[in-house]
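*Asks:* In order, the protein sequence lines correspond to chains A and B. Heads up, the first sequence is in my numbering, so the first residue is 20 and it goes up one at a time. Heads up, the second sequence is in my numbering, so the first residue is 4 and it goes up one at a time.
Since the hints were derived computationally from the structure, they do not count as laboratory data. Among the hints, erroneous ones may be present.
[Said to hold, decoys possible] Computed cross-link-like contacts, DSSO-like style, restricted to lysine-lysine with a CA-CA straight-line distance of at most 30 angstroms:
1) 159/A x 113/A
2) 53/A x 399/B
3) 153/A x 153/B
4) 35/A x 18/B
5) 116/A x 418/B
6) 381/B x 35/A
7) 133/A x 66/A
8) 381/B x 143/A
9) 35/A x 153/A
10) 82/B x 22/B
11) 133/A x 413/B
12) 133/A x 418/B
13) 411/B x 133/A
14) 143/A x 377/B
15) 49/A x 153/B
16) 116/A x 153/A
17) 175/B x 377/B
18) 250/B x 75/B
19) 143/A x 413/B
20) 49/A x 381/B
21) 411/B x 35/A
22) 418/B x 143/A
23) 399/B x 22/B
Quick caveat, the model's predicted, so the values are computed rather than measured.
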Amino acid sequence: MDIDELYQEIILDHYKHPRNRGTLENADVKITGKNPFCGDEIILSLKLKDNIVTDVAFEGSGCAISQASASVMTEQIKGKTLSEARELFQEFSKMVKGEINYDPEKMDELAAFKGVCEYPTRVKCALLSWNALKNALEQKKE
Amino acid sequence: MSITEAQIKPEINIKDVRKYFPIFEMPENRDLIYFDNAATSQRPLQVIKTWDKFNREYNANTHRGAYRIAEKATQEYEKARDKVAGFIGAGLSNEIVFVRGATEAINFVAYGWALKHVQAGDEILLSELEHHSNLVPWQMVAQKTGAKLKFIEFDESGQLKMEQYFQLLSAKTRLVAITQMSNVLGSITDVKSIINSALQVNARVLVDGAQTAPHMPVNVSNMDADFYVFSGHKMLGPMGTGVLYAKRERFEEMDPVFFGGSMISDVDYNSSTWNDIPWKFEAGTQNIPGVIGLGAAVDFLQQIGPDSVRAHDQALTDYALEQMQLIGQLKIFGPLTNRGPVISFSLADIHPHDLATFLDSHNIAIRAGHHCAKLIMKRLHVPATARTSFYLYNNKQEIDQFVITLDKAKDYFSKWI
């Protein structure tokens, strides 16, 4: 298996130059995602208005996959409705788990993480920020 | 003579030991460099065949059936107990109780001995080097009894601060539970001196031998440990096997933890009496082929000689440490001497998981993470480390390959980090 399939340029670029890194003042939701096996951590803050993600930022530390995934995610969900964000989570999660019935059209830059499905132990790295997002959105619902 | 017996030579030379391990014969594993031995070891054909032979030739429950194959199963099972006792220098075979692994053995002592003998105000001394399996059970005991946990720190080189230990030790100390070798840093602790001092204050000592029983000669009688625990699967034996050694007096002070079949001597409606030691601690049907397989693993290690295993591991570790230190931006966590074949390290700013994945793509299996030793991670101020660990079938060529690949990894990630 070619390692470059996993560490795509886009991923390593986001790892080195994370987008939307930091924390939001007056965030509507702030949530921490942790991977107990490797100690990776993401703190996600979201601003929401009329069911739309108006702003998002992340902090944390971890491997290239988890940090890049968080960075790409923030770009992809900004401006999306909550249900669009949830849908994106579903599709992304199917893709990295190697399920075939995801919608490639929706993936955009997220497609860079397709190689993760060949590395089962790394799936949780790619999903760290997304699971935090899912929990954040659920929290908001309640 | 059976196939198994024919294949066991009276003596096995460590230099060509690899051929006894079928996993390396698999075409897809020919180039596999297995450096995660601190997690689990591979198994030689002798162990696999012994397990298989039980199932094919004399599968029966032990200590019950009055028929030929049941007697054979019982004999082989008890023979394994004798072998294990000999392997760790226990005076008596009935000081050996078979369990699922080191974790279960420690839980056994926690539930069966500590809950009965540790009281509010007592202290349990642990070290920061402990694997979670020798930490979390004592947190449970402390919470249930009101005892206090105290921790011996390790110094910059990863060795226990013995001065601090001597200071912490007092009349309040009821138990000292200590690893003989860190599964992260490789540091070897001076259990002999720890036990000698504990005796002065009448404290009991549990030694976690999970990393030492596979790798060096162990003698629990000379060591004078009250409890000594280890896992079978890290020393060439089957998974789901482990050993709790305790001095006869300690076993006598201990209550059974599991109750039911075969651990009883007599049963009435409302009460029962227990079988003799060690069987009173082995309730229900045990992992019989596993234990017999563990006996075969002990035979294998004895044929090589624990001294030879130690010398081999040490030569590899010294070589690896020397070669790894030549790589710029490679940091070794842990001592350079008085250590076992486990090396934790970091390379540049590469996250250990990325490094492990990169090495895996070059067919090198190492471990990345906190290695179930979060106290060490806290002390080192890192979330995780990369860890390589060697055993008797590893060689210098593999270490060369490993070091070359570490260099490649540095190049690969340097563009981005």
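*Asks:* Now, for every hint given, state plainly whether the structure supports it.
*Replies:* We went through each hint and held it up to the structure:
Of the supplied pair hints, the one linking residue 159/A and residue 113/A holds, its CA atoms being roughly 23 angstroms apart against a limit of 30 angstroms. Between residue 53/A and residue 399/B, the direct Cα distance comes to roughly 38 angstroms. Violation of the 30 angstroms bound is thereby established for this hinted pair. Of the pairs offered as hints, the one joining residue 153/A and residue 153/B is violated, with about 40 angstroms between alpha carbons and a cut-off of 30 angstroms exceeded. For the hint linking residue 35/A to residue 18/B, the alpha-carbon distance of about 45 angstroms lies beyond 30 angstroms, and the restraint is violated.
Note on residue 116/A and residue 418/B: the hinted pairing holds, with a Cα-Cα distance of about 28 angstroms set against a maximum of 30 angstroms. Restraint check: the Cα-Cα separation between residue 381/B and residue 35/A comes to about 26 angstroms, which is no more than 30 angstroms; the hinted pair holds. For the suggested pair residue 133/A and residue 66/A, the alpha carbons sit about 28 angstroms apart, so the restraint of at most 30 angstroms is met. For the hint pairing residue 381/B with residue 143/A, the CA-to-CA distance comes to about 23 angstroms; that is within 30 angstroms, so the pair holds.
A hinted pair counts as satisfied when its Cα atoms are at most 30 angstroms apart, and residue 35/A with residue 153/A qualifies at roughly 25 angstroms. The straight-line distance between the Cα atoms of residue 82/B and residue 22/B is roughly 27 angstroms, inside the 30 angstroms bound, and the hint therefore holds. In summary, the hint linking residue 133/A to residue 413/B is supported, as the alpha carbons are separated by about 24 angstroms, within the 30 angstroms threshold. At roughly 22 angstroms between alpha-carbon atoms, residue 133/A and residue 418/B fall within 30 angstroms of each other, so this suggested pair holds.
A threshold of 30 angstroms between alpha carbons decides the hint, and for residue 411/B with residue 133/A the separation of about 24 angstroms falls inside it, so the pair holds. With a CA separation close to 20 angstroms, the supplied pair residue 143/A and residue 377/B stays within the 30 angstroms bound. Restraint check for residue 49/A and residue 153/B: the C-alpha separation of about 36 angstroms exceeds 30 angstroms, so the hint is violated. A threshold of 30 angstroms between alpha carbons decides the hint, and for residue 116/A with residue 153/A the separation of about 16 angstroms falls inside it, so the pair holds.
Restraint check for residue 175/B and residue 377/B: satisfied, since their Cα atoms lie roughly 27 angstroms apart, inside the 30 angstroms limit. As the CA atoms of residue 250/B and residue 75/B are separated by approximately 28 angstroms, the hinted pair is consistent with the 30 angstroms bound. Among the hinted pairs, residue 143/A with residue 413/B is consistent with the structure: their alpha-carbon atoms are about 24 angstroms apart, no more than 30 angstroms. At roughly 25 angstroms between alpha-carbon atoms, residue 49/A and residue 381/B fall within 30 angstroms of each other, so this suggested pair holds.
Of the supplied pair hints, the one linking residue 411/B and residue 35/A holds, its CA atoms being roughly 19 angstroms apart against a limit of 30 angstroms. The straight-line distance between the Cα atoms of residue 418/B and residue 143/A is roughly 25 angstroms, inside the 30 angstroms bound, and the hint therefore holds. Between residue 399/B and residue 22/B the alpha-carbon distance is near 16 angstroms, which keeps this suggested pair within the 30 angstroms criterion.
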